[in-house]
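Place chain R on chain A using the hints.
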Amino acid sequence: MTKPTVAVHKFSSCDGCQLAFLNAGEALLTLSGLVDIKHFAEAGPVDDQAEVDIAFVEGSISTPAEVERIKHVRSRSKFLVTIGACATAGGIQALRNIRDSDGWKGAVYAKPEYISSLATSTPVAEHVRVDFELWGCPITTKQVVAVVRDLLYGVTPVDKADSLCMECKRAGNVCVLVAKREPCMGPVTRLGCGALCPHFGRACYACYGPAENPNGVSLGRRFLGLGLTQAQVANRFALITSHAEPFATARVHFEGKGS
Amino acid sequence: MIRSRGSFGHEQGCMTQLQHMAREGLQQLIDALRDRGYRCIGPKVKDGAIVFDTVESAEEFPRGIRDQQEPGRYALTESSEDKYFDWANGPQALRPLTFAPQETLWKVQRDGGGKLTFREVAPAMPPTAVIGARACDVAALKIHDQVFLERDPADPYYAARRKALFVVAVNCSSPASTCFCASTGDGPHVSSGFDMALTELDDGFTVQLASDAAQSIAAALPLVDATDEQHFAVGHQRSEAIRAQTRSVPGRNLRQALFDNLHHGRWKDVAERCLSCGNCTSVCPTCFCHREEQDARLEGDAADHVRMWDSCFTREHSYMHGFVLRETTAQRYRQWLTHKFGSWHDQFGRSGCVGCGRCIAWCPVGIDVTEELQHICGEGSSESIPSP
Chain A
1 MTKPTVAVHK FSSCDGCQLA FLNAGEALLT LSGLVDIKHF AEAGPVDDQA
51 EVDIAFVEGS ISTPAEVERI KHVRSRSKFL VTIGACATAG GIQALRNIRD
101 SDGWKGAVYA KPEYISSLAT STPVAEHVRV DFELWGCPIT TKQVVAVVRD
151 LLYGVTPVDK ADSLCMECKR AGNVCVLVAK REPCMGPVTR LGCGALCPHF
201 GRACYACYGP AENPNGVSLG RRFLGLGLTQ AQVANRFALI TSHAEPFATA
251 RVHFEGKGS
Chain R
1 MIRSRGSFGH EQGCMTQLQH MAREGLQQLI DALRDRGYRC IGPKVKDGAI
51 VFDTVESAEE FPRGIRDQQE PGRYALTESS EDKYFDWANG PQALRPLTFA
101 PQETLWKVQR DGGGKLTFRE VAPAMPPTAV IGARACDVAA LKIHDQVFLE
151 RDPADPYYAA RRKALFVVAV NCSSPASTCF CASTGDGPHV SSGFDMALTE
201 LDDGFTVQLA SDAAQSIAAA LPLVDATDEQ HFAVGHQRSE AIRAQTRSVP
251 GRNLRQALFD NLHHGRWKDV AERCLSCGNC TSVCPTCFCH REEQDARLEG
301 DAADHVRMWD SCFTREHSYM HGFVLRETTA QRYRQWLTHK FGSWHDQFGR
351 SGCVGCGRCI AWCPVGIDVT EELQHICGEG SSESIPSP
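Residue numbers (the numbering used here), protein chains in the order written: chain A, 1 to 259; chain R, 1 to 388.
Source of the hints: derived by calculation from the structure; they are not laboratory data.
Any given hint could turn out to be false.
[Unchecked claim] As a list, the in silico DSS-like pairs of lysine-lysine whose alpha-carbon atoms are at most 30 Å apart: (1) A:LYS160 to A:LYS38; (2) R:LYS44 to A:LYS180; (3) A:LYS78 to A:LYS142; (4) R:LYS46 to A:LYS180; (5) A:LYS10 to A:LYS78; (6) A:LYS142 to R:LYS107; (7) A:LYS71 to A:LYS3; (8) A:LYS142 to A:LYS38; (9) A:LYS160 to A:LYS78; (10) A:LYS3 to A:LYS38; (11) A:LYS105 to A:LYS10; (12) A:LYS160 to A:LYS142; (13) R:LYS142 to R:LYS163; (14) R:LYS115 to A:LYS142; (15) R:LYS163 to R:LYS107; (16) R:LYS107 to A:LYS160; (17) A:LYS38 to A:LYS10; (18) R:LYS107 to A:LYS3; (19) A:LYS38 to A:LYS71; (20) A:LYS142 to A:LYS3; (21) A:LYS78 to A:LYS38; (22) R:LYS115 to A:LYS3; (23) R:LYS46 to R:LYS163; (24) A:LYS160 to R:LYS268.
For reference, chain R alone in the conformation it holds in the complex:
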């Protein structure tokens, strides 16, 4: 059975007209969410980056801070704008909230007679509101809904966390040099998949409500109808954010181009730079590969079954009863790229990339996926050479 999308109330049908909230309203939003029992997660500066963490006050937000991202580099600087959201993104999207980096799925116990008893470990996540999700983050969340929910059976661990999530998206005004969401069609402004969306302007925020839960929160906020000027400012900011993006991937489906170039010389070239460390897949908001391990008690009478993030860049990932399918870095990089931009279309009806640029910035050696795609799938790229 394929479940319909938007099963958590993120329907556009209840979209209301654009409203406006003064800058101080951000604290009222946090308070309103907390009053209704939500734990608030928001952007915070930690260890030189903007990360999602528990927040109680708007004072904790990275006000007046920008991020400068380049291949293999991430740095925070002071912004000339006195805004809360004048940054692009941090090292992780919403993925750690909904797809746990490591979790026990079930426990097994063996009694004296040898009988095994299995016990499911239900995930515990309190109602959680995340403030500051970007369009790319929300697009990735929708992809993970396809991966984990819109299947039979759905993943109960993801489902429980997803159901607890209230998404306050904030449209992106300041893309980093590594961003290319405009070319994937996923940003810089959100179109669906959120409860509430904000756009930060010079005089406060415009507010868009997209779920019943958001309507209920809105009752506690100082909202007024947005003016024509504010409508215009939102559109202008969006155009500018698109114009600011210097990187792009081809808008077309790259499936055929990639599979026509499985023996392109560039795979070997990128493998000489690639560390096969798995950082790109660990920061990618749509990567969903995981492994499962047994963590047995020394006594031998009980074990935990643990699931954790894995990566197609590890040896174990392609281990199949006695041999490893992808021993070389070239094979592993090719697996990642051909899945993300190629066979993802067969599985999920779209590319697996939302243009967040994290794999570029957080690659220790700064490999740029847009550049590699250009070499492999660009004009005149099909001059296949024998594979090494």
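Bound-form chain A, shown alone:
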């Protein structure tokens, strides 16, 4: 029996989510025994034209060339999984979607005319059909292993989208919002990181993106009660996954009210 084939593609990103594979250690050896890795530039094999069963895509679509390349990746892949906040929500670079992108380009680069980029950074799903999305900045090895295992079994992976609070309470952490009055984004953020920040006493900053049923306006009102200004509340929703619709809506709600 031939082994399922896998490719890991990179778009606009920091490479951190590919490390979820590389940091897997022994599991990576196991994985390479279970599947045939055709393309994974950061790990070695390079064949970005290969037709594969599973394509993992890291990074957002932020250049005209990427708009075309993602279509080719889609057409050569049976199952396409986005990995991380960039591929799934546009990433931190999607902040340019809400400001003057050309102005920033001019301010940063001596010769902005050499830069070929779009005015927006957008998630893969805005360009091609995506079969499954993994959220996180970065994602964890556990997430990757679970999705590969499910696909090898031939079952649909489970979309874990509960609030971070569920995971945080199971971990036995004392709520930093209630006990320390920290503007924690946990109640509107999806779990998956293991409640890392609250475990160390700091507020969640929503790097895993919106939970399945977030109420950003109500949480934002609570932050106002903690003493944050309208602008500071808006900024809580404008970070790693600002382009995700529920966070964009909450940001606009508070931004519109000035400080």
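Here is chain R on its own, set in the frame of chain A:
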């Protein structure tokens, strides 16, 4: 088969007369428990709250500390009283000790021929004495005994931990503003379901022994018969603790009132504030919902079957072969409240609320269950409006 309550020796029959122990006796109690092989769990200050954790010395207790609780707020302050137990409660009751937040129930292995072998993972909890359980905590434990033990089959994971538990209750003298146990009938003083109960007075503790195990521990303690004044002080403290409670829920069965108001406008109103985050259900000492997941090895030849706390505020909770029953926050909040205060009566013969107030204090946006009930079930609340 319905198992009888009190199967772990928490019978009132062996109740002895009230005794008294000097303040220093607390350390002797810890020592006596540890000498008899118990791991001691007691209140400790951690991360700005009073939590139950392993203790070896009474020095670790939050002496002279109070908790100030309001909707969505919890803070510790210095107390004017030099007492060990001048606080109401912390973010969790005894629930994490007996109903594990996450645990592997069984493992399955597939051999080369495809044969599956299942292996149960027995819970391991050493004999554990918890010092400082409140009346609300003990009442919640009794409810969980109904949920997990008094059924056929009983839950072996809960049963093993429950059997290992020795409960030293401490009557509550300082309710928080969020407390309303007097109105649910569960506090502020314990009436049953404990091994030993203490009341902290200015001159030490009164001690009540309620199990054979407690009698055995008591032999190592400096106990004398309580005086009439000490008896009176216990009663006085109880009255004062009841008087100090500012919140309440109606004492009557709210089942009918809730189900008569399934389309009340307040459900939509509370949904605009509710974050659907599940914090209320995670700190509720009687919530028992859980989910089970497979954690498969990458090799595909083995998996762990894991149980973890779930909540009626998650989408998955009402997922049924292809659709989600409760998509909206209004539906989820209504599910929680109508179960806790309504259909709980059908299941367990009482309300599922013990008045600890944790869902009020630990709600990030401070939703107050007593206030919501007042709106939905209070006088003249039945003006049903069409549901959204």
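- prompt: Regarding the pair LYS163 of chain R and LYS107 of chain R, is the alpha-carbon distance no greater than 30 Å?
  reply: 24 Å, holds
task: Would you mind confirming whether the straight-line C-alpha gap from LYS38 of chain A to LYS71 of chain A stays at or under 30 Å?
output: With a Cα-Cα distance of about 18 Å, the restraint between LYS38 of chain A and LYS71 of chain A holds, given a limit of 30 Å.
task: Mind checking the alpha carbons of LYS78 of chain A and LYS142 of chain A for me, to see if they're no more than 30 Å apart?
output: Holds, at about 23 Å.
message: Need the status of pair LYS38 of chain A, LYS10 of chain A: alpha-carbon distance at most 30 Å?
response: Measuring from Cα to Cα gives roughly 14 Å; hence the hint holds.
- prompt: Between LYS160 of chain A and LYS142 of chain A, is the straight-line Cα distance small enough, at 30 Å or below?
  reply: 12 Å, holds
message: Just to be careful, I want the Cα atoms of LYS142 of chain A and LYS107 of chain R compared with a cutoff of 30 Å; is the pair within it?
response: Measuring from Cα to Cα gives roughly 18 Å; hence the hint holds.
field: LYS10 of chain A paired with LYS78 of chain A [C-alpha distance capped at 30 Å]
entry: 18 Å, holds
field: Hint consistency between LYS160 of chain A and LYS268 of chain R [alpha-carbon to alpha-carbon, up to 30 Å]
entry: 26 Å, holds
- prompt: Does LYS3 of chain A lie within 30 Å of LYS71 of chain A when you go C-alpha to C-alpha?
  reply: Holds, at about 25 Å.
task: Quickly compare the C-alpha distance for LYS107 of chain R and LYS3 of chain A to 30 Å and report which way the hint goes.
output: 27 Å, holds
Satisfaction of hint between LYS78 of chain A and LYS160 of chain A, Cα-Cα up to 30 Å: 22 Å, holds
LYS115 of chain R paired with LYS3 of chain A [C-alpha distance capped at 30 Å]: 23 Å, holds
Checked against the numbered hints given earlier, the structure satisfies every one of them.
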